[in-house]
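*Asks:* One-letter residues, chain by chain:
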Amino acid sequence: MTAAKRPPLPVILLANDLLDGEVVFWTGRGWSDRPAEALIAKDEAAAFELERAAAHALAQNKVVDAYLVDVALDAEGHAVPRHYREKIKTEGPSVRRDLGKQAGQSNLVPTGH
Amino acid sequence: MPLLDRNGAKDNAWVISEDGTADAEQIIVAYAHVKEALAGNGRGRRIGVAISNTVKLAELLPHLAEIELVSITFPAYGDGRGFSIAKQLRNAGFKGTLRASGPLIADQFAYALACGFDEIELPDAHAERQPVEQWLKAVNAITQTYQHGFGVQNILDARRAARANGK
Amino acid sequence: MYRYDEFDARFVRERVAQFRDQVARRLDGSLTEDEFKPLRLKNGVYLQLHAYMLRVAIPYGTLSARQLRQLALIGEKYDRGYGHFTTRTNMQFNWPRLRDVPEILDLLADVEMHCIQTSGNCIRNVTADHFAGVAADEVEDPRPTAELIRQWSSLHPEFDYLPRKFKIAVTGSAHDRAVIKAHDIGLRILRNAKGEIGYEVMVGGGLGRTPMIAKTIRAFLPKHELLAYLEAVLRVYNLEGRRDNKYKARVKILVHEIGAEKFTELVEAEYAGLDGPSIDADPQEVARIAAYFAAPAYEKLAPRSSAYETAKAENRAFATWASVNLFPHKVPGYAAATISLKNIGEAPGDVTSAQMRVLADLAEKYSFDELRITHAQNVVLPHVKQDDLFAVWQALVAADLASANAGLITDIIACPGLDYCSLATARSIPIAQALAQRFANQQRQIDIGELNIKISGCINACGHHHVGHIGILGLEKSGKESYQITLGGDATLNAAIGENLGPGLAAQDVPDAIERIVDVYLKHRKADEPFIDAVRRLGLEPFKIALQETLHAPA
Ligand code: HEM
Ligand code: SF4
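Protein chains in written order, with our numbering: chain A, 4 to 116; chain B, 37 to 203; chain C, 213 to 767.
Derived by calculation from the structure, the hints in this document are not laboratory data. Errors might be hidden in some of the hints.
[As the list claims (entries may be wrong)] Calculated lysine-lysine pairs in the DSBU-like style (CA-CA distance at most 35 Å, straight line):
hint : chain 1 : residue 1 : chain 2 : residue 2
1    : C       : Lys577    : C       : Lys289
2    : A       : Lys45     : C       : Lys689
3    : C       : Lys427    : C       : Lys738
4    : C       : Lys427    : A       : Lys104
5    : C       : Lys249    : A       : Lys90
6    : C       : Lys738    : C       : Lys524
7    : C       : Lys692    : A       : Lys104
8    : A       : Lys90     : C       : Lys756
9    : C       : Lys756    : A       : Lys104
Make a model of the complete structure from these sequences and hints.
*Replies:* Here you go:
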């Protein structure tokens, strides 16, 4: 990931878990399947740390497809992706509100980490 | 670079000498120099040629009888042209050694052998990550396949045999 | 139906073990993600937006009750209680974990199924006419050919690392119901002047970014020469196909760039050098496979069933379903019934595990234990006695599977789009749902008649939008979803690529635009003229104007 391609701040880091496929967010200490726990990088230095975390995690064979996503902050200060694609990715299918994170589901097997 | 065949790791008796000038008995020359290497081969050296996977069969045909090894480059493991070139060379009657050279993966070993390759030459880092044991295991993953003319074990012949035995 | 013998069974089991080992080597770092990805794809495992996706092969769309029940079980145990039938007659599960895939593969192998080559740059699941063995206009059942190709192409040592994916479809009829001209190779079974059976071989069709219609490279290939000829075609493609740009790597681009004549020349030259008989399947093998597709034990019935006629007279809803969803069977007293997976307001092609079990029961009880999946994402019970149709329909009603819309405007094909797919630029399912709701009225659908709407969520065209009478392509425009409308596509032997009608529309404007297009047709059509014929006669202009009106309609 190069700085040139970095989306506008603030950003979060998301990925898919290698074994379970679940969308996971970098919390600063590890990966969480809950978007509310995502570490929000508000300046260049913090975004750079996220990029390093992404590179490290890919090398550890824990997650795949890790990248930064630009977000807005909602009233509670939680990150909400600006782009509709990433919004669907963090919520679940818009045509099945009973499935995915929006319905409190997760494929993550806790022992995987 | 490490070399292996269906029995495992193998010593490389061939010396790579692009222009054919190296002082060795078994040399692999670049395709661009194969004509001169063969023409100047007064002292009976064994000559092989390294080709890219874009070389056309027709260009190689005139030299096949004199060449003892063809090393076909795989620029990436997903580039399967080398399999077809190997098959074409075998179809054309080439009896020498066929070498696949490049970052192949263990799961392609059986395919390579079935298409007529004898040996695989791997980049160092690659061979380190995928040790020979993995190749020898992977090559036996599928014991029989469905194609006539690709290796000895095929299901069509096995079915015929089973029919002949009245099964 | 084809049944595995000991060799097929062992082959599939070994493939499962091989995949299990590949996953283990990915986890221990022997395989990098770049190396593993093609391997998992070749076994049907994608990474989608929310989860992995597993694509199960349903060769030529034929399934038994036992197999469908196993899919129902997998849907419940490893997914979220449903599956999705695709335009290539496969089933996709949207929520499996990679760690569970080997177990799922074992369950599939238990019922003679697999995920081999349902993705990746290799020869994909072979498709065929879903009315194979049923249609009266059939020269020969295409399924034995498709099965022969399935076996031959499975883990083919030479053709597993092609420049790009390679799709083969077979039809045995004059009417093409398998969209063969949109495939890398389309095979049409026919008879020559001497009455011998063979194939017309078409190469270079495909949709995606650059849609193309396949060209005939052999007008008649004797039947027994098939495999050697395919080997020649694939070898030429493997060697000559472009590898510098994945969007130009399909065989259609090669055929287009060097011309069909030059391509034919290369194939014929390669073919001439092959020892055909050593490659082709021997006649006993061909006969062995064909025997599995022998006609079921039909009863001798009167061409018209009085029970059926009475039920139609007494029940209007049944009569409507029968008039829309039945296809004539070549055997008197039977019919093929299309079960629509296009309920108004639901995702096209989705089916719950409970519904799968109902379908399995019906197949067992009423259709010689056989089901077909169609490229239109519906299910067919191929051999139902007319006497039984009413009972079948009642069971379908109870399972919410009795929509009477096969081939009509609400029988919409849609890819998963951005609700599931990581490549998507826009959603497709909500558009299909909104359109179905707009045209929900049964009588109006019947008045409009045959009209195929096909929707893709990106340029890859999984929803076949290019060959929809009306095609809808979802794109991104300035950070918003935008939908482009094409008109005049055709998926039959008259295959045609639809033409763009104008600038993209916002999602909420799509139903209005389609309604205006349909209104133009209704206003100008002659007597029984179908939509596609009217579009051909009228040209695009009147429809373009209708679209402009949508764009400029007051909000
Ligand atoms: C959700 C994951 C999917 C992914 C990532 C995916 C990916 C792709 C890609 C990249 C292409 C274009 C290939 C090319 O032209 O070289 C393609 C084409 C196609 N896909 Fe999918 N697809 C997915 C799901 C589906 C589904 C659900 C269906 C059926 C409903 C489908 C059926 C097709 C068909 C029929 C084509 C036709 C284009 C052709 O053969 O030229 N795919 N897909
Ligand atoms: S057309 Fe695009 S969005 Fe739809 S399934 Fe295919 S790749 Fe995904």
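*Asks:* For the pair supplied as a hint, Lys427(C) and Lys104(A), is the alpha-carbon distance within the 35 Å limit?
*Replies:* Roughly 47 Å separates the two Cα atoms, so the pair is violated.
*Asks:* Taking 35 Å as the top limit, are the C-alpha atoms of Lys756(C) and Lys104(A) close enough?
*Replies:* violated, 42 Å
*Asks:* Does Lys249(C) pair with Lys90(A) here, judged by a C-alpha cut-off of 35 Å?
*Replies:* Holds. Lys249(C) to Lys90(A) sits at ~25 Å (cutoff 35 Å).
*Asks:* Just to be careful, I want the Cα atoms of Lys577(C) and Lys289(C) compared with a cutoff of 35 Å; is the pair within it?
*Replies:* holds, 26 Å
*Asks:* Compare the distance between the alpha carbons of Lys90(A) and Lys756(C) with 35 Å, and conclude whether the hinted pair is satisfied.
*Replies:* holds, 34 Å
*Asks:* If you draw a straight line from the CA of Lys738(C) to the CA of Lys524(C), is it 35 Å or shorter?
*Replies:* holds, 29 Å
*Asks:* When you check the alpha-carbon spacing of Lys692(C) and Lys104(A), does it fall within 35 Å?
*Replies:* Answer holds: Lys692(C) to Lys104(A) is near 23 Å, not above 35 Å.
*Asks:* Could you grab the alpha-carbon distance between Lys427(C) and Lys738(C) and see if it respects the 35 Å cut-off?
*Replies:* Given that 35 Å is the threshold and the Cα spacing comes to 33 Å, the pair holds.
*Asks:* Measure nothing beyond the straight line between the CA atoms of Lys45(A) and Lys689(C); if it is 35 Å or shorter, mark the hint as holding.
*Replies:* holds, 27 Å
Violation of the numbered hints given earlier is confined to hints 4, 9; the remaining hints are satisfied by the structure.
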